[in-house]
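J.: Listed below, chain by chain, are the residues.
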Amino acid sequence: MAKVLEGPGMDLFKKWGMAVPNHVVLTSLDQFDALAQANAWMRESKLVVKAHEAIGSRMKLGLVKVDLDLAGAKKAVTDMLGKDVGSGLTVSQVIVSEMVPHSAEYYLAVKSVREGADLMMASVGGIEIESQWDKVQHVPIEVGEPASAPALEAAAKKAGFSKDLVPKVVEFARKLHQCYDQEDAQYLEINPLVLDKQGELVALDAVTLLDGDARFRHPDWNFTFASEFGRPYTSDERAIMEIDSRVKGSVKFIEIPGGDTALLPAGGGASVFYSDAVVARGGKIANYAEYSGDPPDWAVEALTDKICSLPGIKRIIVGGAIANFTDVKKTFTGIIAGFRRAKADGKLDNVQIWVRRGGPKEAEGLAAMRALADEGFNIQVYDRYTPLTDIVDFALKGKS
Amino acid sequence: MSIVANADTRVVIMGGPAGVNAARRMGEFCHLVKKPLNVVAFVFPPDAGKTVEVPYGSQLISLPVYRTVAEATAAHPEINATLIYVGADRATKAAQDALADPKIMLVSMITEGVPEKDAKLLAKEAKKRGKTFNGPSSIGILSAGEARLGVIGGEFNNLVLSKLYRPGSFGVITKSGGLSNEIMWICSQFADGVTTAIGIGGDAYPGTDFVSYLEMFEQDPQTKAVVIVGEMGGNLEEQAAAWYGAKKRRIKLIGVISGFCQEHLPKGMKFGHAGAKEGLRGEGSARSKTDALRKAGAIVPDTFGALGPAIEKVYREMVESKAISPIPEADAAALPKLPKSVDQAIKSGDVMIEPLIKTTISDDRGDEPCYDGYPASELIKKGYQIPHVIGLLWNKKLMSAQEAEIIKRIIMLSADHGPCVSGALVTIIAAGAGINMAQAVAAGMMMIGPRFGGAVTDAGKWFKYAIDQKLTPEAFLDYMKANVGPVPGIGHRVKSVKNPDKRVAELVSYVKSLAIATPHLDFALQVEKITTAKKDTLILNVDGTIAAILVDLGYPVESLNGFFILARTIGFIGHWIDQKRQGSRLIRLFDYLVNYATPKRREVPPLG
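So the protein lines, in turn, are chains E and C.
The first sequence begins at 817 in the numbering used here and counts up by one.
The second sequence begins at 475 in the numbering used here and counts up by one.
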């Protein structure tokens, strides 16, 4: 999945015929005056300024300002851009949009489900939706089929939309599903959907999750994807994503501040079991990582480098199941090179390394790891006869 | 018994190199279980009409490559399954073609990164047609002792260690490639091994789910229990729990679910599998899945580490209740071995091979070429030059700077002698005829012989003969006159005593200015004295001078023409480029340059 920020999300809505407020995205204050010059609505309407970042609870952090005039908006942009929001993360983009005076708020969303899509609508919206979830009407839409107008109409009536609003809601919902289907979305949410002074429906917000795997058939996706977990990606995370996007196989890396146990496991399935095992034994993971599909050794080395650089770690778990076709010797060559460099930089002082792995060239790979002990590494190496996550038990023994 | 894949499964692989690799792995498995190769053909339009060789034991089986799946099934009616290794942007079309083919009942998609919508559409299409669509992102399907579809099971050694050469009692369904091997290994260590193991793929909406296969396992009497590996995200595990709890099932269900760590991690985090992600409203957590499975009566150990003992317990109970009769251990020594490749056999010292050729000058098997043992980059770093490389490769000697300077001058002086000499002329004619560089230069090179350039070797050979035989210049000339003919290296068409060759003067004066012994050059100059006394064009020419100097430097006589060839290559390439740049026309000799000394036109007599 790939999250798309509000600005480009709204642009996609607009592309499929849904009304959205006028908006601009700024990365520096210098752009403000020129944009105000070019866009009459900025001078003529009340404005909303929001941090354009994948940051959770922006309202609480003071990263949303409403009902501003042009000068007020400029000040809000000045205050927000470059603001430190903790954990070393700063606001690098803001979105300025037209404030739409409205009378009522509604909810509209489409979610990917196994059989196709689940279209959701409610005649309540905004923050109220959470407490009134039972009022949400569901319209199942089979994959490959358009949304059925009678089904949408029935749902809109059941949701309590007034008679003259029903056709408008149905039309908006139809377009939202079309956008979902044609843009390879996985989740689209409008909350709130509002009725403006002219009696037309406008999407005031856009939550947009697209299927990153479908990128190849959407040449107009000119935006970068944002992180989905309430904070922007760190530079190390971005560096590994960049490598991941251009190598055979995969390398993945997410930082988790405050952990004492770094993970360098192989395989999308096993990596989660390793994370589970650390947590189950009372350890604190410092990251999520994974390499698989026989990536080149330099990519694994780059990943190792990031993992060894995690602050405050006491141990590194190099775990993995029995690989199908990932060359254990070759990928371990990358890890060993990363370890050597980290050790030379003094990063592995007082860090224990635990290894368990199987697969093609396992004997050679494990022997090379084992030989690191002669270079002064604090390393324990196990083979396929030690159950998968037992090294986590060994590593955290003495704890809890 | 097994499900989905068995000894009668016949596969067409769609896709290029990754598919060929899978076919090799499948060949290894077929060899291990002593079954015929189950890959029948490939569909890969760029190579249509060619064949692919798949190793099977010690033989190579040739498989045809087709443009379309319809062509493959028409030619091979036994095909009933396909594996898709086509890239993500074309995989859907490939799967649609396969699903539309009436003969193919199983489509397993190995491709990763297929859009979610496509997977759903393919699943719908398969269901409509009553077929199985497995994947995307599947590692494959393996039925122990019967068939392997894809690379699942890994390398040959692992197949043997995990006892996949014969069926056991446990079915396996996983989302993860690496874990499928791990579970098969665990089943072989803690119990009697597996019947069928299936990778359904880690995507959010795989074409088939746990329940599809649980139903099949339930119908397979050989399978006594099924191990599923689940993870947070989606609801396939909850569906499996609902299926298992719905009524009394013959098979035991053992599950292990990952993703408990999510309770401690940022919400919305991306894991290795696209499907491993909690729903937007907290659906599909590892805990809820585990609870659902346990409630339905499945065995779910607390940790992955406890899985082996849990499987062992189920196995022992079933042996006690006689549901499973223990399989006698196979004699590992009697199992087919994978023949070693020549490389492996040499490496392990099992064979001695008589080499086909021998080389004594260079070796590029390391990270860079070594010339007579010296790494090329080291030579560069230490200031050596092109003449030193010539010295190493032609004479296996590391020359001094002084000697290298002589070689350099020889090459510079011989690089080109204008367009009129036969080699350059032919190169120019060839360039005008539109012949490419290598061929045009080679045509020029073919002119090198006793009358053009090729005298260097012969001159060197006879000067050396004279010195070796300790002949006087006079005796040498007598010998040549009586036995050989004109002395190679002596004489010039246009140069003479009165019109000396500056190149010769230059070379001779330079070499004589150095403190080196030059017996051959001295001898050649003495010969010249005698010959020029007879006729003033019988000078020591450039070929002869170069030859004498090179023999003095210790170059073997068979190398000497090489200096002329090397130097002239520079010139010929220049002439070719020059003609090309001018866009020169095809050359035809003018009639007036030919003396048509032929009989006059006459009557052709009747054929007798």
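Everything labelled a hint here was simulated from the structure, so no lab data went into it.
Keep in mind it's a predicted model, so treat the numbers as computed, not measured.
The beta carbon of each residue, even a glycine, is placed where N, CA and C say it ideally should be.
Warning: the hint list may mix true and false statements.
Result set (DSS-like, lysine-lysine): computed pairs, CA atoms no more than 27 angstroms apart in a straight line [claimed, not checked]:
id, chain 1, residue 1, chain 2, residue 2
1, C, Lys1054, C, Lys938
2, E, Lys1145, C, Lys821
3, C, Lys567, E, Lys927
4, E, Lys1064, C, Lys567
Some residues of chain C that are not near chain E, with every Cβ distance over 10 angstroms (derived) [as the list claims (entries may be wrong)]:
id, residue
5, Ala574
6, Asn709
7, Glu803
8, Asp817
9, Pro861
Beta-carbon label-pair distances, calculated as ranges [what the hints assert, rightly or not]:
id, chain 1, residue 1, chain 2, residue 2, range
10, C, Ile854, E, Arg1156, 46 to 52 angstroms
11, E, Arg1186, C, Lys508, 33 to 39 angstroms
12, E, Asp895, C, Pro783, 56 to 62 angstroms
13, C, Lys811, E, Asp1165, 45 to 51 angstroms
14, E, Arg1186, C, Lys814, 21 to 27 angstroms
15, C, Leu830, E, Arg1156, 38 to 44 angstroms
16, C, Asp846, E, Ser1051, 45 to 51 angstroms
17, C, Asn910, E, Asn1038, 56 to 62 angstroms
18, C, Thr542, E, Lys876, 57 to 63 angstroms
19, C, Thr542, E, Pro1073, 32 to 38 angstroms
20, E, Lys876, C, Lys567, 46 to 52 angstroms
21, C, Met475, E, Pro956, 35 to 41 angstroms
J.: Next step is simple, just say for each hint if it's right about the structure.
T.: Each hint, compared with the structure:
1. Proposed proximity of Lys1054(C) and Lys938(C) is contradicted: the alpha carbons are some 42 angstroms apart, above 27 angstroms.
2. Annotation: proposed proximity of Lys1145(E) to Lys821(C) holds, straight-line Cα distance about 17 angstroms (limit 27 angstroms).
3. Straight-line distance between C-alpha atoms of Lys567(C) and Lys927(E) comes to about 25 angstroms, which keeps the hinted pair within the 27 angstroms bound.
4. About 22 angstroms separates the Cα atoms of Lys1064(E) and Lys567(C), which keeps this hinted pair within 27 angstroms; it holds.
5. At roughly 15 angstroms from the closest C-beta of chain E, the C-beta of Ala574(C) stays outside 10 angstroms, upholding its exclusion from the interface.
6. At the 10 angstroms boundary, the C-beta of Asn709(C) falls inside the reach of chain E, the nearest C-beta of that chain being 8 angstroms off.
7. The Cβ of Glu803(C) sits about 17 angstroms from the closest Cβ of chain E, beyond the 10 angstroms cut-off, so the non-interface label holds.
8. Once the 10 angstroms rule is applied to beta carbons, Asp817(C) is consistent with being away from chain E; the minimum gap is 14 angstroms.
9. Consistency note on Pro861(C): stated as away from chain E, and its beta-carbon is indeed over 10 angstroms from all of that chain's, at 38 angstroms minimum.
10. Separated by about 28 angstroms at the C-beta atoms, Ile854(C) and Arg1156(E) break the suggested range of 46 to 52 angstroms.
11. Here the CB-CB span from Arg1186(E) to Lys508(C) is close to 37 angstroms, well matched to the stated 33 to 39 angstroms.
12. Between Asp895(E) and Pro783(C), the C-beta spacing of about 59 angstroms keeps the proposed range 56 to 62 angstroms intact.
13. Between Lys811(C) and Asp1165(E) the Cβ separation comes to about 47 angstroms, which falls inside the hinted range of 45 to 51 angstroms.
14. A C-beta distance of roughly 26 angstroms is found between Arg1186(E) and Lys814(C), which places it inside the suggested range of 21 to 27 angstroms.
15. Between Leu830(C) and Arg1156(E) the beta carbons are some 41 angstroms apart, a value that agrees with the proposed interval 38 to 44 angstroms.
16. Separation of Asp846(C) from Ser1051(E) is about 49 angstroms and conforms to the stated range, judged on CB atoms against 45 to 51 angstroms.
17. Between Asn910(C) and Asn1038(E) the beta carbon distance is about 45 angstroms. The supplied range of 56 to 62 angstroms is therefore violated.
18. Between Thr542(C) and Lys876(E) the beta carbon distance is about 58 angstroms. The supplied range of 57 to 63 angstroms therefore holds.
19. Judged by the Cβ atoms, the range 32 to 38 angstroms given for Thr542(C) and Pro1073(E) is violated: they are separated by roughly 54 angstroms.
20. For Lys876(E) paired with Lys567(C), a C-beta distance near 48 angstroms keeps the hint of 46 to 52 angstroms intact.
21. A hinted range of 35 to 41 angstroms holds for the C-beta pair Met475(C) and Pro956(E), which are about 38 angstroms apart.
Hints 1, 6, 10, 17, 19 from the earlier list are contradicted by this structure; the remaining hints agree with it.
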